[in-house]
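Protein chains in written order, with the numbering used here: chain A, 223 to 593; chain B, 223 to 593; chain C, 223 to 593; chain D, 223 to 593; chain E, 223 to 593.
Worth flagging that the hints you see were computed from the coordinates, not collected in a lab.
Among the clues, some could well be false.
Unchecked claim - With beta-carbon atoms standing in for the labels, derived distance ranges: (1) D:SER490 x E:LYS479: 24 to 34 Å; (2) C:LYS524 x E:LYS590: 21 to 31 Å; (3) B:SER391 x A:GLU285: 25 to 35 Å; (4) B:LYS487 x C:ASP436: 47 to 57 Å; (5) A:HIS323 x E:ASP348: 35 to 45 Å; (6) A:ASP301 x B:LYS397: 41 to 51 Å; (7) E:LYS590 x C:HIS564: 48 to 58 Å.
Yeah, the Cβ is synthetic: ideal placement off N, Cα and C, and Gly gets one too.
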Amino acid sequence: MQKINPLNPIELFRVIPLEILKRKKSSKAKFNLMPGSLMYTGEIKMDKVKMTAIIYNGDTFEEITLEDVADLKEVNSADKVLWLNVAGLHDVELIREIGEHFDIHNLSLEDALNLSQRPKWEEYDDYFFQVCKMVRQEKEKIAHEQFSMVVGKNFMVTFQEDDKDNFNSVRERIKSYKGKIRLRGADYLAFALLDVIVDHYLIVTELYGDRLDDLEDELNDNPKQAFIDRLSTMKKELNWLRRTTRPLKESVINFNKSQTPLIEKRTSPFLKDLLDHVTHLTENVELYMDEQKDLMDHYNNKMNNKLNDILKVLTIFSVVFIPLTFMAGIYGMNFDNFPELHYKYAYPIFWGAIITVASGMIYYFKRKGWL
Amino acid sequence: MQKINPLNPIELFRVIPLEILKRKKSSKAKFNLMPGSLMYTGEIKMDKVKMTAIIYNGDTFEEITLEDVADLKEVNSADKVLWLNVAGLHDVELIREIGEHFDIHNLSLEDALNLSQRPKWEEYDDYFFQVCKMVRQEKEKIAHEQFSMVVGKNFMVTFQEDDKDNFNSVRERIKSYKGKIRLRGADYLAFALLDVIVDHYLIVTELYGDRLDDLEDELNDNPKQAFIDRLSTMKKELNWLRRTTRPLKESVINFNKSQTPLIEKRTSPFLKDLLDHVTHLTENVELYMDEQKDLMDHYNNKMNNKLNDILKVLTIFSVVFIPLTFMAGIYGMNFDNFPELHYKYAYPIFWGAIITVASGMIYYFKRKGWL
Amino acid sequence: MQKINPLNPIELFRVIPLEILKRKKSSKAKFNLMPGSLMYTGEIKMDKVKMTAIIYNGDTFEEITLEDVADLKEVNSADKVLWLNVAGLHDVELIREIGEHFDIHNLSLEDALNLSQRPKWEEYDDYFFQVCKMVRQEKEKIAHEQFSMVVGKNFMVTFQEDDKDNFNSVRERIKSYKGKIRLRGADYLAFALLDVIVDHYLIVTELYGDRLDDLEDELNDNPKQAFIDRLSTMKKELNWLRRTTRPLKESVINFNKSQTPLIEKRTSPFLKDLLDHVTHLTENVELYMDEQKDLMDHYNNKMNNKLNDILKVLTIFSVVFIPLTFMAGIYGMNFDNFPELHYKYAYPIFWGAIITVASGMIYYFKRKGWL
Amino acid sequence: MQKINPLNPIELFRVIPLEILKRKKSSKAKFNLMPGSLMYTGEIKMDKVKMTAIIYNGDTFEEITLEDVADLKEVNSADKVLWLNVAGLHDVELIREIGEHFDIHNLSLEDALNLSQRPKWEEYDDYFFQVCKMVRQEKEKIAHEQFSMVVGKNFMVTFQEDDKDNFNSVRERIKSYKGKIRLRGADYLAFALLDVIVDHYLIVTELYGDRLDDLEDELNDNPKQAFIDRLSTMKKELNWLRRTTRPLKESVINFNKSQTPLIEKRTSPFLKDLLDHVTHLTENVELYMDEQKDLMDHYNNKMNNKLNDILKVLTIFSVVFIPLTFMAGIYGMNFDNFPELHYKYAYPIFWGAIITVASGMIYYFKRKGWL
Amino acid sequence: MQKINPLNPIELFRVIPLEILKRKKSSKAKFNLMPGSLMYTGEIKMDKVKMTAIIYNGDTFEEITLEDVADLKEVNSADKVLWLNVAGLHDVELIREIGEHFDIHNLSLEDALNLSQRPKWEEYDDYFFQVCKMVRQEKEKIAHEQFSMVVGKNFMVTFQEDDKDNFNSVRERIKSYKGKIRLRGADYLAFALLDVIVDHYLIVTELYGDRLDDLEDELNDNPKQAFIDRLSTMKKELNWLRRTTRPLKESVINFNKSQTPLIEKRTSPFLKDLLDHVTHLTENVELYMDEQKDLMDHYNNKMNNKLNDILKVLTIFSVVFIPLTFMAGIYGMNFDNFPELHYKYAYPIFWGAIITVASGMIYYFKRKGWL
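Pulled out of the complex, with its shape left as it was, chain A reads as follows:
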């Protein structure tokens, strides 16, 4: 796994770019549309939508780039699995044609294009549909993308915003006949993609584990002002991860519980395993949120204790000087009849009294455990 390059200290905790955390509020244009209306609300990341098809079974493998939806008719075949990947979501007309070709419900297409869609798994008559976010670490930042898939009898259509994705390892496994993918159907392929997505979430989540360790070390040294800001930023990001991974877990639970004949019986141990991973993921996010909260409490306690210590020491310091200043005030008075002023050793005796009173008070405070 590639290591993140060192960033500047504040940026270090912005692993999830700010625009991702804010994007939830950008989808207003979609209101007042008819249900099932297709509309892409995100930014356009690539000029032309790129369609790639991988067609395979135990014996053959083919990877082609499609120019037109019409080309799909030639590649479709009952005894092979077709994985059509659509990168770029802005060409709404093209996506509608794909939907018609595979007989996909408009509501599914709408959800695939809607960037503020909650992750979910849904079963239709002839296919099941999964939509979620996928994250991945790209050099110095975390990339983040909408992902959805429609999985039917012997085909899978996936939609994503960009032509970079998390799935190169899966493509490699299909091509080089590694693992079981070539011998299984589209349901296993769907599992494989979700498994990779969950793995990437785990990698990103672990970054927070590392950083929490760093922050704990820093807290034991001398935390700076920025400490609290970084903890707050981390809280927002972990919150975002929680909001994203919890419904992902729900959707995997639905995938597991489904009785659809599209899922072969031999795939089910793998789905249980996937649920296991995604449970591990959500538990880690919860764990890091708890640790973040503990760190915050610990920091507040520490700051509070520090202030109390300052106040205590300084108050005692003032208190020691109060009777001394009073004594000096006494001998500054101008009474005519003031015998002490005329004693020869009055001044050294005065200093003796000062020192006695001060040491007596300090001794008393020490014995009371106040110093």
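Following the hints, complete the assembly by docking chains B, C, D and E onto the known chain A.
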């Protein structure tokens, strides 16, 4: 979507008018009535109740204004969908006649008129019944209205307080044959109205998202006293939204789970989609409540830190002067035998001592990290 | 609805008399009795138990006062509904005879007499049994009473502590043939009584809504010391309401879910409506408890801010004087060689310095935002 | 019910002896034993295990003390109920023999002997098994004991640590033919014992209710330092009660839900009543825990307010003197040219200024509401 | 049970070594592997994997060390139970061969090797699979190890990291024919191992009970600075225990609910007993977490009260001196016309005034209860 005009800064956060938040307490007159008694407890918003009927199927479309309940007999037809909209709830007698015409249970009519009714979905033998609040943004304020609908085999009766509503886009879609409404039954029409209601809730909720962003920016600058008042107002309003949207979600869940033959099988993906939207809505409300709470905590932390900083700096300031004042007190004493007073350079040496003590203390406090 | 007469300000919040809140602890005498033993643990509110019977069906109506349980044999009739109301619970022997006449299980009678009994709904072979508290507003106080009912095929027996109750409106409706009661069975009558009980709870609960509004206004003015005591009292009373209404809601849920043939199918929409009301009631109690908590937090915040403001201003005040006192101390010293003392304009210059230092510090504190 | 004798004030709140709260940690010797191994981990409270048998049916009654397990063969009879009570758990061999005689699973015997066993109800093929703690008030302290029972077709075996128990009233009822016990089977007897156990828990719990009232009165007067210690002790004891009564409620729920033919249908209303009582018990414990927490909060608030009042008054006191001391310092300066010093009425004018400044400040603080 | 040797005071609370708490973050290398890929992510604790087989039935017993997987074919027999224990997880190839021999799904083997695997119980067609952590006390530290078992018709394969384990007592029971193991199948053996694992968790958990008692005693004496650090460490360790034992309880629940024919009916009371123990375990962990939190609150309260006491006493001390210093200042003034200065007894009268004022204030503060 029309932008809200800028209001004065405090008002900006009163998006939900105060009388809405308070209205829960205005329904005392209803106590001690028999169950099923019809009584309208709200203010009368229009002179005369306005009844509008839209009658359509795949082939025909008609929109008429009715003067009398008796006119209903002529427009009812087995192969068309009749949508009767009743704007204005104060003419109890008229509403009773409508109820008799469509064979609606008195309890449903009672709920339709009761402005403090919780949102709910209920199934009767021949119809299902939904009651909820609907909100919409009207220029500079949020309008808010009771809405209920009775949906039967091929008719729908809707009741609302006012003749303005959220449904013009739906009427347009029916008239202009856009979308699927013309080809479907009353169940789909019911879905379409609820979908529009949820969309308007989302728009109103998003206003809070925008304002939370503004408040967060203000907090990072220099928050004023009114800041906390605006946060408190927002809390009340979000609380009201939560109390309104949670039972709305429950009612949509009941709509989804219902086995009534009034709901066609092909409508069910749309109901799932509606549940999806309303879940998104309640999650947003929860999210904004959490963000409001975080902002409140953040503000309190900030104010607390500020006070602590002031106290710390000022305490240290006092402490530095305490020994200096004591020293000045010493040389104000009037002992006869006081050798230091007579040294030639006593006064400049005194100043040297003052400066040394003060710098020493400041240096010590700096090294301890107290300044 | 009759308005409560103005009471003295503290009493205003004692809407639930103290002895009600405390009564939970008065039932020790009941321990160590056999299960099913009849024993009345409350105070005796009337000399003689009063038995009133209302016998009705669609055609006839009769209201008689019974002297003896034996009289019951004459009034019982298969085609009429008999409502026997027993006011006063201390004549245990009489109640046992009634139980024998109607074949009521001893455990039900025991629960009817036990004033610390939790509200519940239970189904026996030949009847169902409901026990709860009923409250009502009586001029300047809230009356509170144990209520239980045994509902069989065509009879209902109700037990209450006192001969005043909440049910005059129901008796009126039976007598004057208003509403559906005369045409329905004992199950509908049971619903009607519970509906009235819930309505009275709502009225009492609304009193707290009004008072919370008053308290909020007072808090925005200048809250006095008694404010916090009244909030605490209110908390206890709302707690009592919650403890009483929650199991009442549970019992209504059981009433709804019951499959007993004693409940006619046409009664079930009314039971759903009752559940709706009682849910509204418990939600209101929760809402007012939240508002009470918010008010308490708001008050504490306000008091805290006030103290902090005092401390801040006063600390700054002290700090401004500290260097001034030091400067006065300097020129009170008695050094022989003290040139400044002999300058002609030393004293006005000293005042100039004092004013400069003081204004400088005040300016500095203002610019830092500390004043 | 016997009143607790007055104890010394601290002890008053140790109603549950400390060794009970700690006993949870005394069972280490049991680890590493085989499942089903019999081992008694408590202290030995009596020399010899005492076996008492009560044999009864509607016609006969006999109470005998057994010396030997072999004697059991003579007393067993199909048409009578045998209640064998075993007081003292340390004679493991004897208990194994009893287990063999009644065909009790070793795991049940193990649970009966294990003093750190959670309360539970379990169903085996030929019997059901209940284990719980029982408490009772004995003069000045609360006694506490492990109790378990094995209930079969026409026998019940009970195990307890000591020969004193809660069940004398039940024995009396059997002997004197009071109540239904003589006419019913072993299942009703099991109910009767559990009912008595729950009643004793209620009596003990009520002691806390009384003491909470006392503490509340004390708080309204002048609480002393020991107040907080007594509240903390009470919290631990209520916690212990909660840990003990919650699984007891669970076990009663299981008893209610069981379908075993060992429980007669006519016993089930009594089991529902028992569940009702135990629910009342757990709710009381929760209620007292809440009240304890409220008292703690109230006390903390009160102490905090007291400290704040002291700080406020004293700070203001200091602040009033600060300018006065400064003014005295001014006129203690030694400038040659200091005209005020030479005015004839300077000194009385000075006092006038002092008094004016002081009254002015006090007036200002009063008007600001700071005093 | 062996006692832990005394350690140094801080270490005493590190019963769970730090590397265990941190290990959750060490499994990054596993990402991006295919599902079902075998990879061991931990450290290698022993040179060569050690395979030990115990083969037994009611009549025979044999314990052999295997060199090769091929040897398994000879020892397998239908009427005996084979327990194959594999100590050391780094030889992935060997483990794959064992998996092939017993027909174990690759996903199970993967989970057995994955040290960050959540505890779980899973059912496959021909076997069930349990993975969890096991802990045990080894002289001065707590050892901690991954454990998993595959239990089939008449075999059990267990995997562990090290050749030391918790199971010597079980081996002894098999060898010496103690208890029921020799007469039962592999399901009972599986129960016996889990029972031992839970017992060891209980022993380790009890260490925290003892230490909480020690900490409570220390808090009642004079807690030192390290107190709070030890409480924080304990919180982390109890958190780790909770994270480990909760899914263990879940897995035991699944074991109990399973309908697989691999589990004999007579084993089920033992499984219930196991669930009972593991519930006791999780409740103890929760209890100690609550006690840890109570101790933390208690400590904070104590520290806070101490600081408040200091501040209160010292503030009052300052306040008593403030008017005294003012009075001394008065008589240090240099007014020409200052009659008091010239009275003969002015100085002793001054001291009288000082003493009067000081005693008056102290008396006042005492009466107000501020001292």
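Which of the numbered hints above does this structure break? 3
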